[in-house]
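Q: Now for the letters of each chain:
Protein chains: 2
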Amino acid sequence: MEVERGRTILAAAISAGISINSPCGGDGVCGKCKVRVIKGKSSSLPSAAIGEDEKNRHFCLACGTAVLSDLEVEVPAESRLDSSKSSQAEDIEYQQSLFSDFSSGALTRKIFLDLPRPTIQDNISDLDRIIRQLKKTGNIPGIQTALINIRSLPVLLRDADWKVTITLARRSEGFEIIQVESGDTSGKNFGFAVDIGTTTVSGQLIDLNASKIIGTKATYNRQASYGADVISRIIYAEREEGLETLHQAVTGCINEIITGLAGEHKIDLNDVTAVLAAGNTTMIHLLLRLDPSFIRRDPYVPTANFLGTIRATDAGIKINPRGILSCAPGISSYVGGDVTAGVLSVGQDKADDLCLLIDIGTNGEVVLGNKEFLIATSASAGPAFEGSGVGCGMRSSSGAIQKVNIFAPAGAELKVNFETITGQAPRGICGSGYIDIIAGMLKAGLLDKNGKIGVSSSRRVRNTEAGREFVLVFKEDCGCRSDIVITEADIDNLKRAKAAIYAACNILLRRMSLDFRDVRKIFVSGGFGTSLNIDSAIAIGLLPELPKERFVFAGNTSLSGARQMLVSDQADNTAAAIAAKMTYFELSTEPAYMEEYMAALFFPHTDLARFPSVK
Amino acid sequence: MEVERGRTILAAAISAGISINSPCGGDGVCGKCKVRVIKGKSSSLPSAAIGEDEKNRHFCLACGTAVLSDLEVEVPAESRLDSSKSSQAEDIEYQQSLFSDFSSGALTRKIFLDLPRPTIQDNISDLDRIIRQLKKTGNIPGIQTALINIRSLPVLLRDADWKVTITLARRSEGFEIIQVESGDTSGKNFGFAVDIGTTTVSGQLIDLNASKIIGTKATYNRQASYGADVISRIIYAEREEGLETLHQAVTGCINEIITGLAGEHKIDLNDVTAVLAAGNTTMIHLLLRLDPSFIRRDPYVPTANFLGTIRATDAGIKINPRGILSCAPGISSYVGGDVTAGVLSVGQDKADDLCLLIDIGTNGEVVLGNKEFLIATSASAGPAFEGSGVGCGMRSSSGAIQKVNIFAPAGAELKVNFETITGQAPRGICGSGYIDIIAGMLKAGLLDKNGKIGVSSSRRVRNTEAGREFVLVFKEDCGCRSDIVITEADIDNLKRAKAAIYAACNILLRRMSLDFRDVRKIFVSGGFGTSLNIDSAIAIGLLPELPKERFVFAGNTSLSGARQMLVSDQADNTAAAIAAKMTYFELSTEPAYMEEYMAALFFPHTDLARFPSVK
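Sequences listed follow chains A and B, in order. Mapping of the first sequence onto the working numbering: residues 1 to 615, in sequence order. Mapping of the second sequence onto the working numbering: residues 1 to 615, in sequence order.
Calculated directly from the structure, the hints in this document are not laboratory data. Just so we're clear, the structure is a prediction, and the values are computed from it rather than from any experiment. Mixed in with the good hints, there may be bad ones.
Sample of chain B residues at the chain A side, in silico, Cβ under 7 angstroms [stated by the list, open to error]:
id	residue
1	S43
2	S44
3	N149
4	P154
5	L156
6	S172
7	G174
8	T251
Capping the alpha-carbon separation at 20 angstroms, the derived lysine to aspartate or glutamate pairs in EDC-like fashion look like this [as the list claims (entries may be wrong)]:
id	chain 1	residue 1	chain 2	residue 2
9	B	K581	A	D569
10	A	K581	B	D128
11	A	K581	B	D114
Even for Gly, the Cβ is constructed at its ideal location relative to N, Cα and C.
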């Protein structure tokens, strides 16, 4: 591709649609966007992230290197924003989230009509003929149609010999005929459910007739190139063209997933007629190109939390041009539709017992309640559990180390057993892997409660300029360019993430004059792995110490809730009721939160009485 | 303007927005598009419509004359499609159609909101803040908003210091926020009611807050250049680009009227937020660019009879870009929303007594019924009563002769008294004038019952090649280029029009086993004058002979019904109920219709027993 002389390699890569990891937004700080210049002239700013050895091998930061001539650049696997196909393991997990609770009609549905031909005794208009027949198939209130569809009717109906398939879309107070097709195409109606995470975008193509998952794909949110968390994204959005850039980045991800899944399963994009998106409030603003500025400013007001259905193309999503988009309703600036979808998915709003839903993502959201009440809050956890902002982190996809056991036999070398997603050669570590590693290191006495790695005779423990690191896999054992390690800096990131989430849970309980022991069920959700070792999560102080049977690992509940809303009117109505019922508790104005957070910045916690088994 | 060499003067005039009368659609048949070439080279096909004297003075038919060089052309007043401002007389008539029956809310309404500013305790989204406050002002169901408006909220609300005016539009099952304006603009909300007739387009600008008429304007439908009746328009629409051409022609008229009225009354077009259009089924198809082809083909199926509200701009109407358009619901291919509006306007659907609504237009529509039943039919009458297709005809506007008295003193010269609309010098004859003239000529013994002008010693009766003619006004008395006359051909056109309407009424009554004597009230509507002499109409056999008090001249009921629907939810609902209730009776399949029509092709009728006073 052509690039203007003087532009950075990162900017050029973004223009070319190549995703380079750059969580700091191109500020030269994070050191994640390392690339290697193979041929041509370039000029790099100095960076501490590039070692002497790397420099000699022509490594540089993509964000700090200007293009000066034709250039050949290698993007190492570690610097890539992974957009590979999701693992089969994920597919299996998602399949287990059943549709069966809701079955009363998808967001769009196709109905084949064999219309009686007009006669002089029955010569109502073409449109009325369709509506009359539709109403015979069931009670369909307030049917609307856009002019563009009505204009096509006379020729289409007669060419089709009065046999047509109508696509109906649920609108706020009725239904819209969004498409009229010749013949019987009712067998082909597909929808797309998507969880737009700050770090990861996960989507599923759904057969709306069978309420069946056809395929699942995930990719890192390309917006990560412009900042790791929602606040930095909002700041970026305030730049000239910033909002448009972030909007394009996320629709790029969504379109890539839809197109990829449709291509793999030989489905025509025109047969995809509905999208249901769940995401935090900022993500939905960026998707819809709504100004997010006031989300980050006191008193934290979003532009909109709920919009009803709109045309998917108005949000830049490339499905059927008349297809529609609905977004799960949000609650506040920091508790979005992803949380509503999560509550829907686990059925917390119907529960008799007190439940806690903990969504572990870049924002950690927590919902306390049951059928009586629902109260939610949100804590900024950072993307560590999603494998971002940590040295060898990656999202939970093929090759991610997701389960780890560390054995410390007396007098012998440390032994590490691990399992990767789909069993492929290890490429990095995902969230559930990190949880196991820290728990294992604590148990093996390699880590103190502050998260510092102790002196050890093991060759796996090494000193570096930035502190100690623990080698999980040596490069010669995995065929990687470098060893797969966890550093003290990584552990610090993970510690802050788990502390934020634990503290948020605790504050919410205190606010309701309750205690962890009152909670009968804890749903843990998030995309940090395909399974979670609850013991490990308790050992590091991410989850409270409670009987194991109270925990349910629920996977990506935002995605499964979105899917339910996509296939069911009833789920959609339930989500609206959840959003209306849920109250939001603002942590930032709660002085006790900072205390709780500080107290949780230990493994597992300063107050060991809370973790008797660890004690 | 630039014209391609070889194009006709008529085509060039249409491109330039100059309206030349050409009811035959440019086929060289009607001879109405006479123009005079003042300078330049042109080439004309021979035409019987151009006399030797005219030819010498460089008159030619615009449709049959090709442009060969730069040309200076004069369009005589007689050849112009009059688009002048409507008379004050009309304004007065329209004002009398009261709004008072309906007062429950206009199609669009503006509501000023002084919003409470967000606080940390009350930080719902900008959109929710608006909706919450709106709901405090009344029960407003299902509020929707388009993305484009939501996108503007954050900056607009804060710049406006939370004082904004919301424009709400009635949608099928709820309301839409179509506009958010800074400050209190609630005093400025205007709508436009329009009757789209085959021959005449009449519109009114309405203050929606006060339910008050601001101004009225009418113009000939520019589509008349492509055919005089709906069938010839449909045939034209089937040509390549024909539908688009007719669509542009009618939106051109509508926009001309709106822009003209807004300009005269210093109203910003942006403050016009709603249009309510009533028209026959073909006119509404052409307005909405819907294919009308099947309207004219057995079994006569329109594309749509009712659409709900759409964006006005989607129909090419230039008001507020988010403003909406609603069309009065139609019944069938030949009974349209103009009839629904008419029934609404005169309250026929609420009447205890049996009523007959006779709408005298290019299509003559007749509705029989009361609160128990409504049955309608339509007869092709031709545009004669609207002053089209008759030699000196013009529509009812300034200078039209609308009332005529003919005195035949024994042994003395005939004397003609007449009255023009607004009292200006006579320019032509409108429908009510023609009715008076024929009645007067019959009474004076100048006309036989076949419509042939008898031999007379009066200088007003003249022989021409095409038969006899009667001079109403000599050119020296009116300053016209020619005498104002009525010819036997004109009388024949008017006779066929009145016969079609009378026969339609009679067939409809027979169909219901009723008789004219059973009808307690006859509403006569149409734009053929500002008043109607009922005695004259009976004398020529247009109306049945019944006691005079049973007749009500209701003016343009399509326009007054549209206006009621524009200002009132309740009227809008009533119109939908009327359309649902009304049945359509097809005349073309009724063998007795042709007999009735033939029998009515006399003045007043073959069966004089029906007109005892004339007898």
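Q: Please go over all the hints and tell whether each is borne out by the structure.
A: Hints, one by one, checked against the model:
Checking S43 of chain B against chain A by beta carbon gives a least distance of about 40 angstroms; that is not within 7 angstroms, so the hint is violated. This hint is violated: S44 of chain B has a C-beta 39 angstroms from the nearest C-beta of chain A, more than the 7 angstroms allowed. At about 10 angstroms, the closest approach between the beta carbon of N149 of chain B and any beta carbon in chain A exceeds 7 angstroms, and the interface hint on this residue is violated. At a threshold of 7 angstroms, the smallest CB-CB gap from P154 of chain B to chain A is about 4 angstroms, leaving the interface hint in force.
Interface restraint check for L156 of chain B: the shortest CB-CB distance to chain A comes to about 10 angstroms, outside 7 angstroms, so the restraint is violated. A cut of 7 angstroms between beta carbons decides the hint on S172 of chain B: the least distance to chain A is about 5 angstroms, and the hint holds. Annotation: G174 of chain B was flagged as interfacial toward chain A, and the flag holds, the nearest CB pair being 5 angstroms apart, inside 7 angstroms. Taken as an interface hint, T251 of chain B does not check out: its beta carbon lies about 14 angstroms from the nearest beta carbon of chain A, beyond 7 angstroms.
For a cut-off of 20 angstroms, the pair hint linking K581 of chain B to D569 of chain A is broken: about 33 angstroms separates their Cα positions. The hinted pair formed by K581 of chain A and D128 of chain B meets the criterion: a straight-line CA distance of about 15 angstroms does not exceed 20 angstroms. For a cut-off of 20 angstroms, the pair hint linking K581 of chain A to D114 of chain B is broken: about 26 angstroms separates their Cα positions.
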